[in-house]
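Enquirer: For reference, the chains in residue letters:
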Amino acid sequence: MKISMAHGSGGKSSSELMAQIFAKHFSNSVLDRMEDAAVLDLSGRIAFTTDSFVVTPIFFKGGDIGKLAVCGTVNDLLVMGAEPQYLSAGFILEEGLDVDDLEKVVISMKKAAEEAGVRIVAGDTKVVEGCGGLYINTSGIGRIPGDRSISAANCKPGDAVILSGNLGDHHACILSARMKIDNEIKSDCAPLNDIMEALYAGGVRISAMRDVTRGGLGTILNELADTSGCAVEIDETSLPVSDEVRGFCSILGLDPLYMANEGKVLIIVDGEDADKAVEALRRTAHGSGAALIGHALEGGGVTMLTAIGGRRHVDVLYGEGLPRIC
Amino acid sequence: MDLKDIIKYLKEYDGPEIKIMEVCGTHTASIFKSGIRSVISGRIRLISGPGCPVCVTPTAYIDKCMEYALKPGHVLLTFGDMMKVPGTSGSLSLIKGDGARVELMYSPSEVIAKAKAAPDTTYVIAAVGFETTVPTYALVMEEAIAAGLSNIKLLTALKTIVPPLDWICGTEPDIGGFICPGHVSVIVGSQVYEALAEKYHKPFVVAGFEPEQILAVIYDIVRQIGGQTGEVHNLYSNVVRTEGNVKARNIIDKYFSPGPAMWRGLGIIPDSGLYIRGEFQGFDAGSFGLDRDAELNEACRCGEVIIGRADPSECPMFGTACTPQEPYGPCMVSSEGACGIWYKNRGGII
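Order-wise, the sequence lines are chains A and B.
The opening position of the first sequence corresponds to residue 1 in our numbering, with each subsequent residue numbered one higher.
The opening position of the second sequence corresponds to residue 1 in our numbering, with each subsequent residue numbered one higher.
Just so you know, the hints here were simulated from the structure itself, not pulled from any lab data.
Every value quoted in this text rests on a predicted model; they were computed, and no experiment measured them.
Note that CB positions come from ideal geometry on N, CA and C, so glycine has one too.
Please note that the accuracy of each hint is not assured.
What the hints assert, rightly or not - Chain B stretches covered by chain A per the calculated footprint, using a threshold of three residues with CB under 8 Å from any CB of chain A: (1) 211–221; (2) 237–245; (3) 298–308.
Said to hold, decoys possible - Calculated lysine-lysine pairs in the BS3-like style (CA-CA distance at most 25 Å, straight line): (4) A/Lys2 - B/Lys114; (5) A/Lys180 - A/Lys110; (6) A/Lys110 - A/Lys2; (7) B/Lys71 - B/Lys8; (8) B/Lys8 - B/Lys64; (9) A/Lys180 - B/Lys64; (10) A/Lys104 - A/Lys156; (11) A/Lys180 - B/Lys71; (12) A/Lys2 - A/Lys126.
What the hints assert, rightly or not - Under 10 Å between C-beta atoms, here's a sample of chain A residues computed to sit facing chain B: (13) Ile92; (14) Glu94; (15) Val99; (16) Ala201; (17) Arg205.
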């Protein structure tokens, strides 16, 4: 069956879609009340974020738009030191979308939400003209325990800069699918709860965190340098990149420094805790490729020590990261 | 000689100042990315050449692309780098926001499936590039003929690398040697530089793209200049053969023939362009005579940058009236353009 404008009418088709897909798979005590708004018990400091997901193709190696929509918002909460609790999910469906595909996406969201320990407690669906596209917005709420403070403003010279694993996997996976290049590169899309738990359990003094998504590491390091008032220096030889992604980038003229991930985080920790943090991360499923990649210094901007012993500036991404033409 | 010794030699070089041109934009990008400028002597000046196809494309071509993108029943397919190049008025990127039909392509072969799926739409490929990309355009025509498709056109601005090098050698005698492009040489072979090396008595050395490979080539050129030799060496021989890729050249020759081409900043150079041959004219979207180049603001020094006469930072517009977000000159637009690379790397020296 395909989605038609009737599914967005608010009438019988809408309620059937709601019951057979969304309510069925997302079921939990808050959502099941089926009222106009979810009523939540919250207290203390709350982190709140929203993100929209428009990826094509909808299904890719290592995930799909649904998993991405849950992980992206969960990770945004996690890097602020929050414990993710509740999500809302808004769907914009284009007519012609296969209902089986929609259900696959919804099941995938359910699984990702379970893994991340969040409940989907509110939602909405609209149908628009088009040709089978699917777009998802998720908003998320998380509780920040105690006096936990994670912010770029905490960075200080001497802090260690740690990356939780290989660069560029998600970007290379999506681009491979769009370019119909057959390879084994999988998206790294994942909720990073295990990484956070390992860091907190290990007593690592975290200054700041950022998930490495659009714009890539280069852009995120610059944002961090700007907002923290510190310089950042990274070492090219320590940057983790898989052989497959490195080969893919070299053929297409792409730079892993500016490619998106969906399951990697940049963590700035007190310099003395660097080894402890890397060891703790490497024992987790999503941080097994963690590496110390550099340090915060006095000054500003981002520099890189290159493999041949040179030094250069690292700038933000300009425009889109596109394959070269010659 | 290992890499450490090569770097030591190049760092400590204190002979006469040497200017070396890296012809290809991918080499420029790799030189900056790896920090090569920061590990060699200031007496060895690396200058960027005309090997970025976007940077040398005249305004009239961009205007024609925009005309097709706005024409009912037509879709323009282009590589991403062309989107922001300024035409006489606006750019592809700007008019796309106004409803022009512009689609990004990753490979020209994508057009075949599109043309089959929408027989009433004419797909016009913005066919820009050097010898490296030309065989893919030839293959598009071959596939289109086999599939009986008549709704594919090519608007070409295709260039060959040897004529502009000859032109530069003639006008810029103080360039001591050339780092020859890796990708183009895969097709044309290292043999094509022999006549230039002999005519101008300068070293032409084919390089790969890894920093170690580029450093080895710079070392080779510096040594050749010191020893007053001017030979063609191929230091990318695991990929580039002396005779190049004969099969690829044959398909280029089948579909294209040489003709004069306009190079932004250089002017018209005889036989430096490739045009669709007469018998395949049905594919051409009006590529001849697109020579007019906008009167660039006289402060813009793109023309001097692509022949190495000026460093990007010597242009008064650089970084102020011309930035990657709001490019004025074409060298700032492309990811392989010298100005854009300089801007992002602040000249490459720390």
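Enquirer: Hints first: check each against the structure and report whether it holds.
Expert: Hints and how they fare:
1. Proximity of the stretch 211–221 of chain B to chain A, defined as three or more residues with a beta carbon under 8 Å from a beta carbon of that chain, is established by the 3 residues found.
2. Only when three residues or more bring their CB closer than 8 Å to a CB of chain A does the claim for the stretch 237–245 of chain B stand; here the count is 0, and the claim is violated.
3. Requiring three or more residues with a Cβ within less than 8 Å of a Cβ of chain A, the coverage given for the stretch 298–308 of chain B is violated, as only 0 such residues are present.
4. Proposed proximity of A/Lys2 and B/Lys114 is supported: the alpha carbons are some 24 Å apart, at most 25 Å.
5. For the proposed pair A/Lys180 and A/Lys110, the alpha carbon gap of about 29 Å is over 25 Å, so the pair is violated.
6. Of the pairs offered as hints, the one joining A/Lys110 and A/Lys2 holds, with about 22 Å between alpha carbons and a cut-off of 25 Å not exceeded.
7. Proximity of B/Lys71 to B/Lys8 is assessed by CA-CA distance (about 58 Å); at most 25 Å being required, the pair is judged violated.
8. Straight-line distance between C-alpha atoms of B/Lys8 and B/Lys64 comes to about 51 Å, which puts the hinted pair past the 25 Å bound.
9. Restraint check: the Cα-Cα separation between A/Lys180 and B/Lys64 comes to about 30 Å, which exceeds 25 Å; the hinted pair is violated.
10. For the given pair, A/Lys104 sits about 45 Å from A/Lys156 by alpha-carbon distance, which is inconsistent with the 25 Å threshold.
11. The straight-line distance between the Cα atoms of A/Lys180 and B/Lys71 is roughly 29 Å, outside the 25 Å bound, and the hint therefore fails.
12. With a C-alpha separation of about 14 Å, the suggested pair A/Lys2 and A/Lys126 falls inside the 25 Å cut-off, and the hint holds.
13. This hint is violated: A/Ile92 has a C-beta 21 Å from the nearest C-beta of chain B, more than the 10 Å allowed.
14. Proximity of A/Glu94 to chain B is violated relative to the hint, the smallest CB-CB distance being about 18 Å (cut-off 10 Å).
15. Among the interface hints, the one on A/Val99 is violated; its C-beta lies about 24 Å from the nearest C-beta in chain B, farther than the 10 Å criterion.
16. Given hint, A/Ala201 at the interface with chain B, is violated; its Cβ is 39 Å from that chain's nearest Cβ, farther than 10 Å.
17. The beta carbon of A/Arg205 is not positioned within 10 Å of any beta carbon in chain B (closest approach about 30 Å), and the interface hint is therefore violated.
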